[in-house]
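*Asks:* Spelled out from the first residue to the last, the chains are:
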Amino acid sequence: MQTQDVSVRQSTRKKIHLSTEDQIFYTIINILTAVITISIIFPLMHIVAASFSDPAAVSAGKVIIWPVGFSLEGYQAVFSNKSILTGYANTIFYTVAGTMVNVAMTAMAAYALSRKNVPFMNSIMFMFTFTMMFGAGMVPNFIIMGKYHLLNTRLVMIIPGAIGVQNLIITRTFFRNIPEELLEAARIDGCSDAKYFFSILLPLSKAVLAVITLYYAVGHWNAYFDAFLYLNDRKLYPLQIFLQEILLASNVVDPDPDAAEEMRKLFNLLKYCLIVVSSVPILCFYPFIQKYFVKGVMIGSIKG
Amino acid sequence: MLNPTKAVKPVKASGSKSAHRIGGRYWNKYKSLYLLMLPGILFLIIFRYIPLYGITIAFKDFQVKKGILGSDWVGLEHFIYLFGNRSFWSVLGNTVIMSFYKMIFGFPAPIILALVINELKNVRYKKLVQTFTYMPHFISWVVVAGIFLQLLSPGTGPINFVIKSFGMDPVYFLGDPRYFRGTMVFTGIWKSVGWDSVIYIAALTGIDTGLYEAATIDGCTRLKRIWYITIPSIMPIIVMMLIMRSGKLIEDNFDQIFNFLNDGVLSVGDVISTYVYRLGIEKMKYSYATAVDVFRNVVSFVLVFLTNTIAKKAGEEGLW
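Listed in order, the protein sequences are those of chains H and G. Heads up, the first sequence is in the working numbering, so the first residue is 1 and it goes up one at a time. Heads up, the second sequence is in the working numbering, so the first residue is 1 and it goes up one at a time.
If you are wondering where the hints come from, they were derived from the structure by calculation, not from laboratory data. It is possible that some hints are incorrect.
[What the hints assert, rightly or not] Quick look at which bits of chain G chain H covers, simulated, 3 or more residues with Cβ under 8 Å:
| hint | region |
| --- | --- |
| 1 | 134-142 |
| 2 | 204-215 |
[Unchecked claim] The calculated label-pair distances, taken between Cβ atoms and stated as ranges, are:
| hint | chain 1 | residue 1 | chain 2 | residue 2 | range |
| --- | --- | --- | --- | --- | --- |
| 3 | G | Gly75 | H | Val35 | 54 to 62 Å |
| 4 | H | Met132 | G | Tyr101 | 22 to 30 Å |
| 5 | H | Arg187 | G | Ile46 | 30 to 38 Å |
| 6 | H | Glu261 | G | Ser165 | 23 to 31 Å |
| 7 | G | Ile207 | H | Phe130 | 28 to 36 Å |
| 8 | H | Phe126 | G | Gly155 | 37 to 45 Å |
| 9 | G | Asn85 | H | Phe130 | 24 to 32 Å |
| 10 | H | Ser192 | G | Lys312 | 41 to 49 Å |
| 11 | G | Ile46 | H | Lys62 | 53 to 61 Å |
| 12 | G | Lys283 | H | Ser192 | 36 to 44 Å |
| 13 | H | Pro287 | G | Lys224 | 35 to 43 Å |
| 14 | H | Gly135 | G | Asn85 | 22 to 30 Å |
[Claimed, not checked] Keeping only pairs whose Cα atoms sit at most 20 Å apart, straight-line, the calculated EDC-like set for lysine to aspartate or glutamate is:
| hint | chain 1 | residue 1 | chain 2 | residue 2 |
| --- | --- | --- | --- | --- |
| 15 | H | Lys147 | G | Glu282 |
| 16 | H | Lys62 | G | Asp169 |
| 17 | G | Lys224 | H | Asp22 |
| 18 | H | Lys82 | H | Glu245 |
| 19 | G | Lys121 | H | Glu21 |
Think of the CB as a built atom: it goes at the ideal place given N, C-alpha and C, for glycine as much as any other residue.
Using the sequences plus the hints, can you model the full thing?
*Replies:* Okay, structure coming up:
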């Protein structure tokens, strides 16, 4: 209510002062933002509309942003496709398990690293930030994962990315901004470092934990490269790999031309619905959690 | 308040005693902290630094049977081969050209968006614009590639229907080497412009409104206020982002390029990461592919360092 009041007051004040120059200025600004916003949501709206349309109408170019010849055929095909369901289940597993590991490990490390004057912690922090600049790269990682016998296991989707340095920095900065007097007071009451972390610091840090949980979860949901590199068992594939197969398969290779034609038809039917189905979980929650995402950028941008 | 600080002091004072005793004291004092750090350290060593040691295969003749440690050293052989290899130079050129375009068009885009959003007076409309422009950031590149393949399809895509309705020939945005780079720049901006603008919007909200009031009284026009107050105020952040981005001049977005790349545009679209993938993983030229990666890493490091030095000389605050 308060923000509305302010905006109303501002706009009335503006009306008094609005000169011709200002009017032109605001008109241009409004048109510009409208054009930018529309060009960003148009592709999304088109896909959603096409997913509810008759495939024939889509390929005839009749669908722009509103469904033509309403049909749920594609969605039926998506939900009766075994590999897509497997991929969905795998992605949910990787996202939930992976995010839990991520958040636990990041919070613990960030707390230890956030404490000042503890020997070696600065060197460890430097070792973390160094990996942002210098990574091993695709090939050594691939060889080492093979050596660890992690190729083609579910673990490879969870453990090797356990701590993201960016998220570590965000969490550490947040912990550092909590007044040190709190720790001192807890100490006087006989609270150990570990107990302070679990029963005082963590409950106070729900905001930053929410932020990194969301960052990690989105990362897992969209993760594609690790699966592509490290997995070749179809039972373990996440949704993104099946998506890639179906969305980007320009020419289906099948010795039998009829079967290939069948596949192509199925893929054409599937693709719009598949895009919607795979992105809906994120985009549905997104408007409600947007402020947490933005908060993460703010915390992360303060120099630690 | 006094007791705990007193208890801390003797430990600090004993800093000059023997290393063993100091270690022991610190261990006792901070045991729980080190234990909390332990999983992180193990992770760092096992999944970051041991693989990092693996880049030595760029200087070795890596044989799968002999392993990373057992393979024979060959010095700079792979790098010499690399610099004499025409396909490497063409890939390097593609990478730099694409990054350059992305820098010219992609870097200012979020700044402009932030400036424009900052001028919006209607709070609800502002929120709406922000919500929609941030959205594509959360969609994976696989899906974005899928979306634009449909949208830009020469046969069935709505964009080409519009082009055809003007009586022109359909444009192969993703299959024609002339348009591929432009399409990559556009899809890159489409996906990230909103999200990248967040940091600038945050900086803009921190500007002292008194400055604007003073300027208005002095008869400054709106555009002049943006030019003389807004932009200088966010300049430190712009410079910081530019430094961070300069290292990426030789980097590319594997997820984006790999999902859009096809045989028709290999001559302009093949970049370092897709090249490394093709040689290293598909053709199993492990050592050579790693040499390419090492070269890229070193150049990117030097670029960040140089830009930072230049920025500092120019009187801006650098990264370090």
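*Asks:* Could you see if the CB distance from Gly135 (chain H) to Asn85 (chain G) stays within 22 to 30 Å?
*Replies:* holds, 23 Å
*Asks:* Please check whether Pro287 (chain H) and Lys224 (chain G) have a Cβ separation lying inside 35 to 43 Å.
*Replies:* Cβ of Pro287 (chain H) to Cβ of Lys224 (chain G): about 37 Å, so the range 35 to 43 Å holds.
*Asks:* Do Ile46 (chain G) and Lys62 (chain H) keep their Cβ atoms within the hinted range of 53 to 61 Å?
*Replies:* holds, 55 Å
*Asks:* Lying within 23 to 31 Å: is that true of the beta-carbon distance Glu261 (chain H) to Ser165 (chain G)?
*Replies:* holds, 30 Å
*Asks:* Just to be sure I understand the hint, the distance between the Cβ atoms of Gly75 (chain G) and Val35 (chain H) should be within 54 to 62 Å; is that true here?
*Replies:* Cβ of Gly75 (chain G) to Cβ of Val35 (chain H): about 57 Å, so the range 54 to 62 Å holds.
*Asks:* Is the coverage entry for the region 134-142 of chain G by chain H consistent with the three-residue Cβ rule at 8 Å?
*Replies:* Three-residue rule met by the region 134-142 of chain G, so holds; n is 8.
*Asks:* Checking one constraint from the list: CA of Lys224 (chain G) to CA of Asp22 (chain H), max 20 Å. Satisfied?
*Replies:* Satisfied, since the Cα-Cα distance of roughly 12 Å is no more than 20 Å.
*Asks:* Verify this for me: three or more residues of the region 204-215 of chain G with a beta carbon less than 8 Å from a beta carbon of chain H.
*Replies:* Three-residue rule not met by the region 204-215 of chain G, so violated; n is 0.
*Asks:* Quick check on a hinted range of 28 to 36 Å for Ile207 (chain G) and Phe130 (chain H), using CB atoms only.
*Replies:* holds, 34 Å
*Asks:* Mind checking the hinted window 22 to 30 Å against the Cβ distance between Met132 (chain H) and Tyr101 (chain G)?
*Replies:* holds, 25 Å
*Asks:* Within 36 to 44 Å: is that where the Cβ-Cβ distance between Lys283 (chain G) and Ser192 (chain H) falls?
*Replies:* violated, 55 Å
*Asks:* Verify the proposed pairing of Lys62 (chain H) with Asp169 (chain G), using a straight-line Cα cut of 20 Å.
*Replies:* holds, 19 Å
Of the numbered hints listed earlier, those contradicted by the structure are 2, 8, 12.
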